[in-house]
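S.K.: Protein chains in written order, with the numbering used here: chain H, 1 to 493; chain Y, 1 to 100; chain L, 1 to 488.
A couple of the hints might just be wrong.
Restricting the straight-line Cα-Cα distance to at most 16 Å, the calculated cross-link-like pairs of lysine to aspartate or glutamate (EDC-like) are [to be verified]:
id: 1; chain 1: H; residue 1: K465; chain 2: H; residue 2: D423
id: 2; chain 1: H; residue 1: K308; chain 2: Y; residue 2: D45
id: 3; chain 1: Y; residue 1: K97; chain 2: H; residue 2: E396
id: 4; chain 1: Y; residue 1: K97; chain 2: H; residue 2: D347
id: 5; chain 1: H; residue 1: K420; chain 2: Y; residue 2: D45
id: 6; chain 1: L; residue 1: K439; chain 2: L; residue 2: E422
id: 7; chain 1: L; residue 1: K82; chain 2: L; residue 2: D297
Keep in mind the hints are simulated off the structure, nothing from the lab.
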Amino acid sequence: MTELTNLTVAEIRDGHRAGDFSAVEVAEAFNANVAGAKALNAFIVETPEHAIAAAKQADADRAAGTLKPLSGVPIGMKDLFATNGVQTTAASHMLEGFVPRYESTVSQKLWDAGCGMLGKLNLDQFAMGSSNETSHFGNVISPWKRNDGSNAALAPGGSSGGSSSAIAARLCPAATGTDTGGSIRQPAAFTGISGIKPTYGRCSRWGIVAFASSLDQAGPMARDVRDCAIMLENMAGFDPKDATSLDMPVPNWEAALSSDLKGKTVGIPKEYRLEGIDPEIDAMWDAGIAMLKDAGAAVVEISLPHTKYALPTYYIIAPAEASSNLARYDGVRYGLRDLPQGAGLQDMYAATRADGFGPEVKRRIMIGTYVLSAGFYDAYYTQAQKVRTLIARDFEAAFASCDVILAPTAPSAAFGLGEKMADPLAMYLNDVFAVPASLAGLPAMSVPAALNREGLPLGLQIIGKAFDEQGVLNAGLAIEERAGFTARAEKWW
Amino acid sequence: MAIDQATVRKIASLARIAISDAEAAAMEGELNGILGWVEQLGEVDVTGVEPMTAVIPNKLRLRDDVIDADPMTGGNRRDDILANAPAPQHGFFGVPKVIE
Amino acid sequence: MSNYTIKGETGEWEVVIGLEVHAQVTSNAKLFSGAATAFGAEPNTQVSLVDAAMPGMLPVPNRECIRQAVRTGMAIEAEINKWSRFDRKNYFYADLPQGYQISQLYHPLVGEGSLTIAADEKAGIPTDKVIGIERIHVEQDAGKLMHDQHPTMSYVDLNRSGVALMEIVSRPDMRSPAEAGAYVRKLRSILRYVGSCDGNMEEGSMRADVNVSVRKPGDEFGTRTETKNVNSVRFVMAVIEGEAKRQVGLIESGGTVVQETRLYDPDRNETRSMRSKEDAHDYRYFPDPDLLPLELDDAFLDECRASLPELPDAKRARYLSEGISAYNADVLTAEVEAARWFDALLEAGAKPVAAANWVTSELFGALNRMGRDISDSPVSPAQAAELLGLVADGTISGTIAKQVFEKMLETGDGAAAIVDREGLKQTSDTGAIEAEIAKVLAANADKVEQYKGGKEALFGFFVGQTMKAMQGKANPQVVNELLKKALG
Numbered sequence: 001m002t003e004l005t006n007l008t009v010a011e012i013r014d015g016h017r018a019g020d021f022s023a024v025e026v027a028e029a030f031n032a033n034v035a036g037a038k039a040l041n042a043f044i045v046e047t048p049e050h051a052i053a054a055a056k057q058a059d060a061d062r063a064a065g066t067l068k069p070l071s072g073v074p075i076g077m078k079d080l081f082a083t084n085g086v087q088t089t090a091a092s093h094m095l096e097g098f099v100p101r102y103e104s105t106v107s108q109k110l111w112d113a114g115c116g117m118l119g120k121l122n123l124d125q126f127a128m129g130s131s132n133e134t135s136h137f138g139n140v141i142s143p144w145k146r147n148d149g150s151n152a153a154l155a156p157g158g159s160s161g162g163s164s165s166a167i168a169a170r171l172c173p174a175a176t177g178t179d180t181g182g183s184i185r186q187p188a189a190f191t192g193i194s195g196i197k198p199t200y201g202r203c204s205r206w207g208i209v210a211f212a213s214s215l216d217q218a219g220p221m222a223r224d225v226r227d228c229a230i231m232l233e234n235m236a237g238f239d240p241k242d243a244t245s246l247d248m249p250v251p252n253w254e255a256a257l258s259s260d261l262k263g264k265t266v267g268i269p270k271e272y273r274l275e276g277i278d279p280e281i282d283a284m285w286d287a288g289i290a291m292l293k294d295a296g297a298a299v300v301e302i303s304l305p306h307t308k309y310a311l312p313t314y315y316i317i318a319p320a321e322a323s324s325n326l327a328r329y330d331g332v333r334y335g336l337r338d339l340p341q342g343a344g345l346q347d348m349y350a351a352t353r354a355d356g357f358g359p360e361v362k363r364r365i366m367i368g369t370y371v372l373s374a375g376f377y378d379a380y381y382t383q384a385q386k387v388r389t390l391i392a393r394d395f396e397a398a399f400a401s402c403d404v405i406l407a408p409t410a411p412s413a414a415f416g417l418g419e420k421m422a423d424p425l426a427m428y429l430n431d432v433f434a435v436p437a438s439l440a441g442l443p444a445m446s447v448p449a450a451l452n453r454e455g456l457p458l459g460l461q462i463i464g465k466a467f468d469e470q471g472v473l474n475a476g477l478a479i480e481e482r483a484g485f486t487a488r489a490e491k492w493w
Numbered sequence: 001m002a003i004d005q006a007t008v009r010k011i012a013s014l015a016r017i018a019i020s021d022a023e024a025a026a027m028e029g030e031l032n033g034i035l036g037w038v039e040q041l042g043e044v045d046v047t048g049v050e051p052m053t054a055v056i057p058n059k060l061r062l063r064d065d066v067i068d069a070d071p072m073t074g075g076n077r078r079d080d081i082l083a084n085a086p087a088p089q090h091g092f093f094g095v096p097k098v099i100e
Numbered sequence: 001m002s003n004y005t006i007k008g009e010t011g012e013w014e015v016v017i018g019l020e021v022h023a024q025v026t027s028n029a030k031l032f033s034g035a036a037t038a039f040g041a042e043p044n045t046q047v048s049l050v051d052a053a054m055p056g057m058l059p060v061p062n063r064e065c066i067r068q069a070v071r072t073g074m075a076i077e078a079e080i081n082k083w084s085r086f087d088r089k090n091y092f093y094a095d096l097p098q099g100y101q102i103s104q105l106y107h108p109l110v111g112e113g114s115l116t117i118a119a120d121e122k123a124g125i126p127t128d129k130v131i132g133i134e135r136i137h138v139e140q141d142a143g144k145l146m147h148d149q150h151p152t153m154s155y156v157d158l159n160r161s162g163v164a165l166m167e168i169v170s171r172p173d174m175r176s177p178a179e180a181g182a183y184v185r186k187l188r189s190i191l192r193y194v195g196s197c198d199g200n201m202e203e204g205s206m207r208a209d210v211n212v213s214v215r216k217p218g219d220e221f222g223t224r225t226e227t228k229n230v231n232s233v234r235f236v237m238a239v240i241e242g243e244a245k246r247q248v249g250l251i252e253s254g255g256t257v258v259q260e261t262r263l264y265d266p267d268r269n270e271t272r273s274m275r276s277k278e279d280a281h282d283y284r285y286f287p288d289p290d291l292l293p294l295e296l297d298d299a300f301l302d303e304c305r306a307s308l309p310e311l312p313d314a315k316r317a318r319y320l321s322e323g324i325s326a327y328n329a330d331v332l333t334a335e336v337e338a339a340r341w342f343d344a345l346l347e348a349g350a351k352p353v354a355a356a357n358w359v360t361s362e363l364f365g366a367l368n369r370m371g372r373d374i375s376d377s378p379v380s381p382a383q384a385a386e387l388l389g390l391v392a393d394g395t396i397s398g399t400i401a402k403q404v405f406e407k408m409l410e411t412g413d414g415a416a417a418i419v420d421r422e423g424l425k426q427t428s429d430t431g432a433i434e435a436e437i438a439k440v441l442a443a444n445a446d447k448v449e450q451y452k453g454g455k456e457a458l459f460g461f462f463v464g465q466t467m468k469a470m471q472g473k474a475n476p477q478v479v480n481e482l483l484k485k486a487l488g
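The shape of chain H in the complex, shown without the other chains (with noise of 0.2 Å):
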């Protein structure tokens, strides 16, 4: 049953609908390769009976005539939502063995909407990295590799990668993500698949890990536009226990899904155009814009300029606002407890922390907590507010005279696993065109559309104006129309 798990959602909730197949085969096509892919370390845990119990209930809503949006539809958990009776634990040391009582609204909305389970997908630690290295449980492997028969393992990117890697592998047709600072489009570029981060608020924040609160913000992982249309049309909505949700109605954005564009003018940001970038990016950027124009849109120049300040401007907010955030990881009412011999409490902390911090995770908490220091405050974390807030009006300037902006979405295709994890700041630098867009909380998804010379997939980054998540959808359905994007990894695995 192998061709199954090559069906997108809509395949699968269209021939599900029609009868051509019951959601358990789907289910057990799909657990099937789950099981057959440990080498891909995708999964941190494994949940094919949720899927299977899914599944049973789709068929059987279908004999009734109550099929939901999503009935028969398995997909893939990032595990740093927390889900009900399940371990959630963002990849940590810290939450390892912790079973939440209680369901994040996203994952509810997918499971209200008919979706099964087939586990809880790795990440970076935290979600704080761009290659999946800083899991505790281990790198998740890209399933491409390079065609230069070097059979080096490839990072899937970060943090969401083992969203990425299960989709790129067809472990599963879906996945959700977290997108803080370019987590669900640099994953999804590394790897030839679609994700798309919605407008900061649509997604209910509650009952995901927080990494950092004024970034973070949950999105589909899928093999096209289509899929991340229907995914997000169920993930989004507005959620009265995030005081930060957006109290908007939810479009139908598959169905005003349209790779029309004419009458629509996409923005190129001059400073995106960054000197010694690999001339491959710069290439399948121009190809993006031929066809953009061939899909009737008009293309303009537009200047961001505060970009080259959107990384450090992010690597304070982010990290002083997950020092706090991680500071309810304490041993004393869930997750480890590191108690040496004689030790008082603050002791406990201490060691706990310690214990069950990964080195990236404990770097950002101590930068976090030095920029929000006495004496540094201002200088650091005020100052990068400020700036954020030029960075938001460039955008709001820019979408003066154009509709979406077209850029790459990372400065390189997937690089090796261990090739960045000894200098940080390379490794932040891998974020460089993802994180504006996440500072001004807009709309941006990544499609696949090219391969480099290395047989490694690149994708093109659609940034929208606040709210116009269908703007992006269909600039991207017009990329991915017209880049024919179908390579795939072979399997190793």
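Assemble chains Y and L onto chain H, guided by the hints.
M.R.: Quick look at chains Y and L alone, frame taken from chain H:
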């Protein structure tokens, strides 16, 4: 401004993360690298610019004063609260004895 | 000016006091979660996933808590900030599940205000004094630690965790324990009038951090210490006195006062340094990114203002204008329950002056004897008004009124019914009175002689005898007139 190992240790203590001397030494370099890099923000002219408070224009909603209106944010679920506790004690969370 | 000083070996020292009062906001649910706030529940039963800071939990503010803080601000005539914000105060402690307290540092909800403490000669407060209030901000309470249950463990109860507090920060305007005591009492009175806090210090719903420093008169402020969580007016005063003396002794013996947090031990009546808070000085405040700025519109503020009751100072002024004595006005307005009861009595038709006298002497006396609060007085304002009405219209005398009131307390019956049943109605029947007077005079012929001989003081004796013969039911005025006539 460069930070020294004493500062690294102070930050680690504020963040309640135990670090060894070797870790402090390693972190000194890493943190200085990152801080030196983010300090380029200092060159941005932010005269008259307000720090960002809400990334997307949105108003803080207030909820009604109703007890347990939503079980997800209400009380009366001690078992759930204590389910993952490392040292539950007769309905309490146990911690090493604190001397105040 | 207060003339309270500490007499040291080097002269007199002035004491400078500022108070940060933490008042639990009266609300059903917590500040950022739907868990209940009631006092005394089983441990960790009034705890939501949010209060326990489970991963991914988020705060959503309770409108009522904001509303009560705004109303409190209005009651101290403070500036209300239509734009305020919540900040995180970061520190690690077992009673603080999030690892930070959501509070308001940079942009508090309520700005500058004040309250007036009344002159009290006996307490060394010669004139009314205005005490500045710097701000009121809203924040979360912490949980509770218990240390006595286990040999090596402390127990954490999060029932209080996340309950809304108002922190009411005074200016360092107080100069004596008495002023500080009066400030706390007045503040508590205002909070109870407003209904924003029940003011129960023994249940911890109001507690004070006491900032004390000493200086030679005219000098700059000295270094202050902060004694945390003092939970009675008496203790606040004791802390100030003890701490001021300790500081003077320290300075005069060549030491210096260290800015530190101290803890009060009521059993030993002394404060000691709180080591557990020593390294917690860098709180790394920053705006809570889970919450947006709190913006209040005019409609919200208008409702807050419109729902404010008459406050103690205004009520006292009204009572004075109605002829009530200053003493009675103070007594009647100090506690909102008494004031409300008294106002209900006036509304039921009682005359202010007589009613004030009756409430402060008869009613309070009776409640005292019974060990009851006015809120569960066995006699209602309407019943009391009926009783006072019978005195006012001459139906019964004041003496009989006392008897009737006792019967009312015993039986719960109405005053008029008791008067009727017991035949206590006072009489102005001149025939009956004259008959009794004749008997009295006949029986005391010698005294009549003495009276006529100039010993006029005996008039009272005749009145008493007549009243006694009439069983107290004669109208005293009529008795007087008839006696005068009879003694001619």
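S.K.: State for each hint whether it applies.
M.R.: These are the hints, each one checked on the structure:
{"no.": "1", "hint": "K465/H - D423/H", "result": "violated, 34 Å"}
{"no.": "2", "hint": "K308/H - D45/Y", "result": "holds, 14 Å"}
{"no.": "3", "hint": "K97/Y - E396/H", "result": "violated, 54 Å"}
{"no.": "4", "hint": "K97/Y - D347/H", "result": "holds, 12 Å"}
{"no.": "5", "hint": "K420/H - D45/Y", "result": "violated, 33 Å"}
{"no.": "6", "hint": "K439/L - E422/L", "result": "violated, 25 Å"}
{"no.": "7", "hint": "K82/L - D297/L", "result": "holds, 7 Å"}
Comparing the model with each numbered hint stated earlier shows that hints 1, 3, 5, 6 do not hold.
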